[in-house]
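Based on the sequences and whatever the hints tell you, model everything.
First residue of the sequence shown? That's 1 in this note's numbering, and the numbers climb one at a time after it.
Each hint should be verified, as a subset may be incorrect.
Straight-line C-alpha distance at most 27 Å; calculated DSS-like pairs for lysine-lysine [to be verified]: (1) Lys23 to Lys33; (2) Lys93 to Lys107; (3) Lys93 to Lys11; (4) Lys93 to Lys23; (5) Lys11 to Lys107; (6) Lys23 to Lys11; (7) Lys23 to Lys107; (8) Lys93 to Lys33; (9) Lys33 to Lys102.
Hints were generated in silico from the structure; no laboratory data involved.
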Amino acid sequence: MFLNRLSGEQKELFLDLCIHASKSNDNFDDAEKLVIEQYCDEMRIDVRFDEQHTEAEVAERLLEISSPSDLRIVLLETASLILSDNFYDEDEKAFFEGFAAKVGVSKEELDSLVATLGELTELYARINEFVFG
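Okay, structure coming up:
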């Protein structure tokens, strides 16, 4: 939704972050791969499923080159990916909270984001039910 606002380097780093997030629970499933493919299409970059940078390198470089708004976009879209399989396990939660802490977003803000995305998912489900019965 907001990924087109990121620079080319930010997009590649975001893709690395998505790959790390998807692998964080040792279950890189098809739902997550589909979301990554959609993200790459939106960002107009090549799809890949192997990271080029470590999580620490991604966090460090994103902090160097990103505004607070850019970092929030990265967190929002990463949360959407993590939640795409409708399962938010402890490994994913630990990964996401750890990354958020590295970029200066509190656990409370993160919990609020996850709750908001849950509400949005429910709203989309209700709209789909209305449209498709």
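Tested hints:
1. Lys23 to Lys33: holds (11 Å)
2. Lys93 to Lys107: holds (10 Å)
3. Lys93 to Lys11: holds (22 Å)
4. Lys93 to Lys23: holds (12 Å)
5. Lys11 to Lys107: holds (24 Å)
6. Lys23 to Lys11: Within the cut-off at roughly 18 Å; holds.
7. Lys23 to Lys107: holds (21 Å)
8. Lys93 to Lys33: holds (19 Å)
9. Lys33 to Lys102: Cα-Cα ~25 Å, so holds.
Of the numbered hints listed earlier, not one is contradicted by the structure.
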